[in-house]
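Top to bottom, those sequences are chains A and X.
Throughout the first sequence, residue numbering follows our numbering, covering 154 to 308 in sequence.
Throughout the second sequence, residue numbering follows our numbering, covering 547 to 811 in sequence.
In case anyone wonders, no lab produced these hints; they're calculated from the structure.
Beta carbons: idealized from backbone N, C-alpha and C, even for Gly.
Do not take every clue at face value.
[Unchecked claim] Derived CB-CB ranges, DEER-like:
#1 T693(X) to E181(A): 40 to 46 Å
#2 S682(X) to G221(A): 36 to 42 Å
#3 A726(X) to T157(A): 34 to 40 Å
#4 D786(X) to G182(A): 37 to 43 Å
#5 S741(X) to G162(A): 50 to 56 Å
#6 A184(A) to A758(X): 20 to 26 Å
[Unchecked claim] Stretch by stretch, here's where chain X covers chain A in the computed footprint (C-beta under 8 Å, at least three residues):
#7 205–217
#8 232–243
#9 295–307
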Amino acid sequence: MDITLAVNGRQVTASIEANTLLSALLREGLALTGTHVACDTSQCGACTVLVDGASVKSCTLLAAEAAGATVVTIEGLAADGALHPMQQAFHDEHGLQCGFCTPGMVMSAVDLVAGNPDPSEAEIRAWLKGNICRCTGYQNIVKAICAGAAALRSA
Amino acid sequence: MYSFAYHCPASLADAKALLGRIEEARLLAGGQTLIPTLKQRLASPDAVIDLKGIGGLAAIERRGDALAIGALAKHAAVAASPVVRQAIPALAGLADGIGDPQVRNRGTLGGSIVNNDPAADYPAAVLGLGATVHTSERAIPADGFFTGLFETDLEPGEIVTSVSFPIPHRAAYVKFPNPASRYAMVGVFVAETSSGIRVAVTGAGPCVFRLAAAEQALARSFAPASLDGLRVDSQGLSSDIHAGAAYRAHLVAVMARRAVLQALG
Ligand SMILES: Cc1cc2nc3c(=O)[nH]c(=O)nc-3n(C[C@H](O)[C@H](O)[C@H](O)COP(=O)(O)OP(=O)(O)OC[C@H]3O[C@@H](n4cnc5c(N)ncnc54)[C@H](O)[C@@H]3O)c2cc1C
Ligand code: FES
Ligand code: FES
């Protein structure tokens, strides 16, 4: 089947099998490998992208379900070569070690601050229930999201 | 994933026609249970019928003494709805405690109650409030809807369209979440309604159930102290790597007391 959707501001028409996951379309069909797939159980959140503005696990969504939708992946955040303030904050605050969970963390954080521009530390930790990190112990991720939120507020 | 055909009908009638025509068809709502099931090859339908194109199934509105919530209403929409937060704050809070933000952005009320996972949250609210489940065919009272482990009273081809929740005088839901999945190890929904006290328990056994002893005790006086000494029989409750039946039985009494306290607060 053929579907059309907007990915990172570009209209894309793709020929897919009905059982293609959105994560597979992004990674294999569109070569947007910044969206990571780290589990088989819909629990880790590494594959988080925005679909019509809402953070979702792209490994738990058929590409067909995203037909007509607007999708933003980690590759869609940086504008004109400059990192998005949330990406910059992860860089500045050392919010990553191996980096595997990072694209999902950043996309999740972007969704959080869109709805809650000044989240408390507790709200950030509660929001990250759907994103698992095996390296950092979350401390610097939470710090990075605080800093990213502050940067976005003053932007 | 095995291969299947994908359909996105624009009306309930079209969806029903597809269900009638295709031997092994599965309805798709939020996909937060169905997609993982398909990925693990635990199901191999010939077709997946996406309900998202059917208009009006996600509405949330107050109708007199009840709150009508469409089957396709997402957990995040219920959690954030001013109408729900005003009429039944316990229900908004329950929806806000399901899984994680990404799951709440996709998962739906209808998908949750049809799946009837023994540890799901919504079944406790549906049973605890004495709600009515509306389908493409009929209206099913909560007391007859949940029939067993992952089982409901639905007939093949029947589509849930909405759930009507009577607005209680007060209510609360408290769960002891599994720290990894956030599903309820034990969750208790307590409600004081115009037709009496209702206490529904999820997570503890193979299917959500009402706790008659707690309902009777709370009918005498709606206070946490009424549940002092409440002994819950562990016979028939679930035992797994997360908790044994005796521990779950203990948690039921603790969560029930906390729920009453919260309902009074
Ligand atoms: C990581 C993770 C954590 C979770 N944590 C929790 C939790 O803490 N608490 C909790 O309660 N749940 C939890 N869930 C489950 C989540 O709430 C799901 O959204 C829910 O179980 C299914 O809803 P859905 O809309 O995604 O349904 P789907 O997956 O689309 O469908 C589920 C089943 O219901 C059928 N169905 C769907 N809609 C209808 C309808 N209108 N009429 C007839 N049949 C229908 C489908 O055919 C399918 O068999 C979690 C899920 C994940 C992935
Ligand atoms: S890869 Fe999607 S949740 Fe783990
Ligand atoms: S930085 Fe390695 S998993 Fe998070």
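Against the structure, the hints come out as follows:
no. : hint                           : result
1   : T693(X) to E181(A): 40 to 46 Å : holds (42 Å)
2   : S682(X) to G221(A): 36 to 42 Å : violated (25 Å)
3   : A726(X) to T157(A): 34 to 40 Å : holds (38 Å)
4   : D786(X) to G182(A): 37 to 43 Å : holds (39 Å)
5   : S741(X) to G162(A): 50 to 56 Å : holds (54 Å)
6   : A184(A) to A758(X): 20 to 26 Å : violated (60 Å)
7   : 205–217                        : holds (count 9)
8   : 232–243                        : violated (count 0)
9   : 295–307                        : violated (count 0)
When held up to the earlier numbered hints, the structure conflicts with 2, 6, 8 and 9 and fits the remainder.
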